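S.K.: Spelled out from the first residue to the last, the chains are:
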Amino acid sequence: MMDKELLLYNYFSNQLTAEEQKQFDDLLKTDVEFKEQFDFEKNLKEVIREKETDSLKSKLIGFEKDIEDTVPVRELPKRNYQKWAMAASIALLVGLGWLGYNNFSGTDYQELYNDNFQEYPNTVYAITRGTETDSSLEREAYVAYETDDNAKAIQLFTELKETYDSESVNFYLAQSYLKNNQLTEANTLLSEVLEKEGEFAPQALWYISLSYIKSKQKEKAIKSLNLLIADGRYKKNEAEVLLDELD
Amino acid sequence: MENTQAEITLEDLRKGSDDLLRLVYESNRQKFLNYARRYNLSEEENIDVYQDAYVIFYDNIMSGKLESLSSSISTYLFSIGKYLIFDKMRKNKKVVSGDFDLSRVGETDELVNTFEMEPQSLTTEQELLKKHFGSLGDKCQELLTLFYYRGFTIQEIMEAKNYNNENVVKSAKSRCMKTLKEKIQANTY
Numbered sequence: 001m002m003d004k005e006l007l008l009y010n011y012f013s014n015q016l017t018a019e020e021q022k023q024f025d026d027l028l029k030t031d032v033e034f035k036e037q038f039d040f041e042k043n044l045k046e047v048i049r050e051k052e053t054d055s056l057k058s059k060l061i062g063f064e065k066d067i068e069d070t071v072p073v074r075e076l077p078k079r080n081y082q083k084w085a086m087a088a089s090i091a092l093l094v095g096l097g098w099l100g101y102n103n104f105s106g107t108d109y110q111e112l113y114n115d116n117f118q119e120y121p122n123t124v125y126a127i128t129r130g131t132e133t134d135s136s137l138e139r140e141a142y143v144a145y146e147t148d149d150n151a152k153a154i155q156l157f158t159e160l161k162e163t164y165d166s167e168s169v170n171f172y173l174a175q176s177y178l179k180n181n182q183l184t185e186a187n188t189l190l191s192e193v194l195e196k197e198g199e200f201a202p203q204a205l206w207y208i209s210l211s212y213i214k215s216k217q218k219e220k221a222i223k224s225l226n227l228l229i230a231d232g233r234y235k236k237n238e239a240e241v242l243l244d245e246l247d
Numbered sequence: 248m249e250n251t252q253a254e255i256t257l258e259d260l261r262k263g264s265d266d267l268l269r270l271v272y273e274s275n276r277q278k279f280l281n282y283a284r285r286y287n288l289s290e291e292e293n294i295d296v297y298q299d300a301y302v303i304f305y306d307n308i309m310s311g312k313l314e315s316l317s318s319s320i321s322t323y324l325f326s327i328g329k330y331l332i333f334d335k336m337r338k339n340k341k342v343v344s345g346d347f348d349l350s351r352v353g354e355t356d357e358l359v360n361t362f363e364m365e366p367q368s369l370t371t372e373q374e375l376l377k378k379h380f381g382s383l384g385d386k387c388q389e390l391l392t393l394f395y396y397r398g399f400t401i402q403e404i405m406e407a408k409n410y411n412n413e414n415v416v417k418s419a420k421s422r423c424m425k426t427l428k429e430k431i432q433a434n435t436y
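Same order as they appear, the protein sequences are chains A and B. No gaps in the numbering here: position 130 of the first sequence is 130 in the working numbering, and each next residue is one more. Remember, the working numbering sits 247 above the position in the second sequence when you count from 1.
Keep in mind the hints are simulated off the structure, nothing from the lab. Misleading hints may appear alongside valid ones.
[As the list claims (entries may be wrong)] Below, a sample of chain B positions facing chain A; criterion: calculated Cβ distance under 10 Å:
no.	residue
1	Gln367
2	Gln388
3	Thr392
4	Tyr396
[To be verified] If you want the footprint, here are the derived chain A segments under chain B, 3+ residues with CB under 8 Å:
no.	stretch
5	6-19
6	30-44
7	50-61
If you're wondering where the values come from, they're calculated on a predicted model, not measured in any experiment. Positions of the beta carbon are idealized from the N, C-alpha and C atoms, including for glycine.
In isolation and in its complexed conformation, chain A is listed as follows (with noise of 0.2 Å):
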């Protein structure tokens, strides 16, 4: 039998061999004082561990305070510069708008669509967390979904929503048809996230509106325009945007 003493310095140091290990998990069963010692030692580890991180955290507190330091007479000009380059591009925006308005008689509803659609990022789930606890449906789901597999996406989201048929599921499952280009089963989901008043509701009317505007139902597009824009938590800008382009 090894010396208990080495044993646990092999741990702490990362070095037990496989014969090793095996007499210091027989060890941690069967000898009290050893088990002690051990935890004695996990704990002390793990309290440096938080001391020294603590020590980081303000090293790095203090490197950014530096940076700061040294920034504000950067940022004057550059918030200028900012201002400038965004009325450059509001008067660029409306100098284009009316000259397509003036230009083409009918409005190219594909095209529209296009430069506005940008699928909705996943918020909901955090493919990173640990794998062992996570081999859920819903993480296939959303793995599908960041991946562009619209057709497996379309069909693990509405294996989902069969048993958890929560706003969230049904938001992706819509965006997951109009990449797959399914507008009315898009448009169904999008009105349920609609009738629920929800965290998506904004952003689900945003994406109907493209919806409509891709089907060329103009009117249903531009009354689901003017609730985003009342509404104000959501593309509002762009919304206002859209609308002045299909008046």
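For chain A, the structure is supplied; the task is to place chain B on it using the hints.
M.R.: Just chain B, lined up with the frame of chain A:
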């Protein structure tokens, strides 16, 4: 800047000199903040996330969870940061808009899924231990930190701190542990 990054090894990080910590912090900061901006958290929150990601990255190097650098340091920081941002958004029920780069999800996922992301808070017993550890002499604190946190062997401690031989290190460590235990007992009873 890319070159300085490429030359930094895990060993360098383990040694953790303040200059290196600052270099890594500064050279990845702007890239990270640009990346995080798309999630519409405030700039202050983004800086918090960056610092937390940095601490978690470092902690996982020290605990031996990260045995070799298979990607650049910035990739690790991005992966951890993304996890933290999602976590924050879930807690805030935050709405996002703007441009998103989700193309690297699969790859980054693998990279950090063994990481310890949320350190446990200390138990009462550990809090007590922390207090007494802090009252030990600097030499003892340093020695125990090298062994239990930085993962130095007795021989490495001997070399790094100019002890005469391994036995001197061992007996110094035993003395420190004994003092620490005595302090705790004196307090408890």
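S.K.: State for each hint whether it applies.
M.R.: Do the hints match the structure? See the list:
1. Gln367: holds (8 Å)
2. Gln388: holds (8 Å)
3. Thr392: holds (5 Å)
4. Tyr396: With a closest approach of 5 Å, the Tyr396(B) hint holds.
5. 6-19: holds (count 5)
6. 30-44: holds (count 4)
7. 50-61: Coverage by chain B holds here, the residue count being 9 at a Cβ distance below 8 Å.
Hint check: no violations occur; every hint is consistent with the structure.
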